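Fit chain B to the supplied structure of chain A, relying on the hints for placement.
Protein chains in written order, with numbering that gives the first Met the number 0: chain A, 0 to 316; chain B, 0 to 77.
Derived by calculation from the structure, the hints in this document are not laboratory data.
Quick caveat, the model's predicted, so the values are computed rather than measured.
Hints are not guaranteed to be accurate.
[Unchecked claim] List time: in silico DSS-like cross-link candidates among lysine-lysine, alpha-carbon distance up to 25 Å:
#1 Lys57/A - Lys39/A
#2 Lys54/B - Lys233/A
#3 Lys233/A - Lys65/B
#4 Lys235/A - Lys54/B
#5 Lys76/B - Lys233/A
#6 Lys65/B - Lys197/A
#7 Lys76/B - Lys26/B
#8 Lys26/B - Lys197/A
#9 Lys209/A - Lys64/B
#10 Lys54/B - Lys209/A
[As the list claims (entries may be wrong)] From the derived model, a few chain B residues whose C-beta atoms are all more than 12 Å from chain A:
#11 Gly13
#12 Glu34
#13 Pro45
#14 Asn48
#15 Pro50
The beta-carbon is built from N, C-alpha and C at its ideal position, and this holds for glycine as well.
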Amino acid sequence: MADHFIEDKTTKVNVNLEGKEQKIDFNDLKSGGFIKQRQKDLFTVRLRCPGGRLSTEKLVEIAQIANKYSKKGVVHFSFRQSLEILYVDYKEFNNIVAELEKIGQKVASCGPRVRVPTACGGCEYNPNGLTDTQGMAKMVDEKFFGTPTPHKFKTSFSGCPIDCARTKEMDFGFQGVVEPVWEEPDCTGCTICSEACKEDAIVSDPDTGKPIFDPMKCIFCGDCIRACPTEAWKPKRYGHIVRIGGKHGRHPMEALEVCRFLPDEKVPEAIQKTIEWYNANGKRGERIGNAIKRVGVQNYLDFMAPVFKAIPAPFGK
Amino acid sequence: MTEIKANASLDLRGIMCPINFVKTKLKLETLEAGEVLEVILDSGDPIQNVPKSIKEEGHRIVEVKKEGEHFRLKVQKG
Chain A
0 MADHFIEDKT TKVNVNLEGK EQKIDFNDLK SGGFIKQRQK DLFTVRLRCP GGRLSTEKLV
60 EIAQIANKYS KKGVVHFSFR QSLEILYVDY KEFNNIVAEL EKIGQKVASC GPRVRVPTAC
120 GGCEYNPNGL TDTQGMAKMV DEKFFGTPTP HKFKTSFSGC PIDCARTKEM DFGFQGVVEP
180 VWEEPDCTGC TICSEACKED AIVSDPDTGK PIFDPMKCIF CGDCIRACPT EAWKPKRYGH
240 IVRIGGKHGR HPMEALEVCR FLPDEKVPEA IQKTIEWYNA NGKRGERIGN AIKRVGVQNY
300 LDFMAPVFKA IPAPFGK
Chain B
0 MTEIKANASL DLRGIMCPIN FVKTKLKLET LEAGEVLEVI LDSGDPIQNV PKSIKEEGHR
60 IVEVKKEGEH FRLKVQKG
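The following block holds chain B by itself, in its conformation from the complex:
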């Protein structure tokens, strides 16, 4: 998979649900449609919940990388 360039980044390691999603949502609001936000999420609850909430809000997850105990996601604003 080719590397997708992010317009902004959020490190959400150690941030609990649903605050991690709320922070993602607020950050996405500052971006233009089509721009990409990189978020880093813990495994467990955050990775179980945040991606589906992102999808439900109409954004696209365009890249997922597992890095040890966390995930690096690229989210394209819908």
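The following block holds chain A by itself, in its conformation from the complex:
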């Protein structure tokens, strides 16, 4: 009796591709986003959807292709926001890739390389959003997707401190922040900001109603700026808190905060240099968080100084 809990362990098969007899190594396929399933000959085809955003037009086209190639007629939303077409026969790989290419849809990847970035909705339409997370995810995907690294390298972008994109669990994460600045002449002492601040960083002066601000408690969410009826709280600058070395999995690690208020235009450089550092210091199969633990975070920070050092600390501290 066949035990369906035992995976099919074959890794090499002969296939007829474009009229030629060829050998396919299933282990190689993972780099191209084809993931072997338990079921013989069947694979999951992982699509490349940076930030989890798709045009409705493309979604319809993908649906038609999935309907044609999935033996079971199912897709799955991966944990990293990409769409996976399940139960695809490996003999159809060339056909499905060609059809996906025709609609401009690329296939993702697995293995030791820069993965498709994830992101929340960001400032385009989310009221809490402070940064253009979708734009950043698209940029990272275009510039860095597939770059080889010692082990997987996951990036994500959250638009605000609620951190829906879980930057604390990423190899390299970027979380949107805003530095608030208060200008007394515009303040009427209405006390709304102290009510709006969920961090108790603002209390209202009992006599004037004007804010008494504790910068140490501020997490840069911008609630005070949005709530202020008279624009006395203003955004001074936007940027990203940068976190490194987080992961989930069997042995989760929380990322270390390595920079505050990194501006959008410095994000590509930060990623470029971090990959450089990782490739120079990481051992094969070692996540960047473990490499930093082993080598020491100071080594990484010294290397990154040209990117991180010149950025002024918030509130001039």
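Same frame as chain A, but now just chain B:
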């Protein structure tokens, strides 16, 4: 601050988010641009959320008074 005269009033005490904002929005729709709506909001979630939503819709909060556990806001339709 001089008292601003309201054209309409809404007591939203005890009304949860986002229903309090929706009621504010619907009431504002019955007013002309420049007219003023008075709303009374609880502290906590309502005062954290409703004023910013009002601003995002293009209206102006022209007066805020804290009265114990609630706030009296005057909103000018944008």
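Outcome of the hint check:
For the hint linking Lys57/A to Lys39/A, the alpha-carbon distance of about 30 Å lies beyond 25 Å, and the restraint is violated. For the hint pairing Lys54/B with Lys233/A, the CA-to-CA distance comes to about 14 Å; that is within 25 Å, so the pair holds. Distance check on the hinted pair: Lys233/A and Lys65/B sit about 22 Å apart at the alpha-carbon level, within 25 Å; holds. At roughly 19 Å between alpha-carbon atoms, Lys235/A and Lys54/B fall within 25 Å of each other, so this suggested pair holds.
With a C-alpha separation of about 22 Å, the suggested pairing of Lys76/B with Lys233/A holds against the 25 Å cut-off. Simply put, Lys65/B and Lys197/A have alpha-carbon atoms about 18 Å apart, close enough for the 25 Å limit, and the pair holds. A hinted pair counts as satisfied when its Cα atoms are at most 25 Å apart, and Lys76/B with Lys26/B qualifies at roughly 10 Å. With a CA separation close to 28 Å, the supplied pair Lys26/B and Lys197/A exceeds the 25 Å bound.
For the suggested pair Lys209/A and Lys64/B, the alpha carbons sit about 13 Å apart, so the restraint of at most 25 Å is met. Proximity of Lys54/B to Lys209/A is assessed by CA-CA distance (about 20 Å); at most 25 Å being required, the pair is judged to hold. With a cut of 12 Å on Cβ distances, Gly13/B stays outside the contact zone with chain A, its closest approach being about 17 Å. Once the 12 Å rule is applied to beta carbons, Glu34/B is consistent with being away from chain A; the minimum gap is 17 Å.
For Pro45/B, the non-interface assignment is contradicted: its Cβ lies about 9 Å from the closest Cβ of chain A, within the 12 Å cut-off. With a least beta-carbon separation of about 8 Å from chain A, Asn48/B fails to lie farther than 12 Å from that chain, contradicting its non-interface assignment. Listed as outside the interface, Pro50/B is inconsistent with that label: its C-beta sits roughly 5 Å from the nearest C-beta of chain A, within the 12 Å cut-off.
Of the hints listed earlier, those the structure fails to meet are numbers 1, 8, 13, 14, 15, in rising order.
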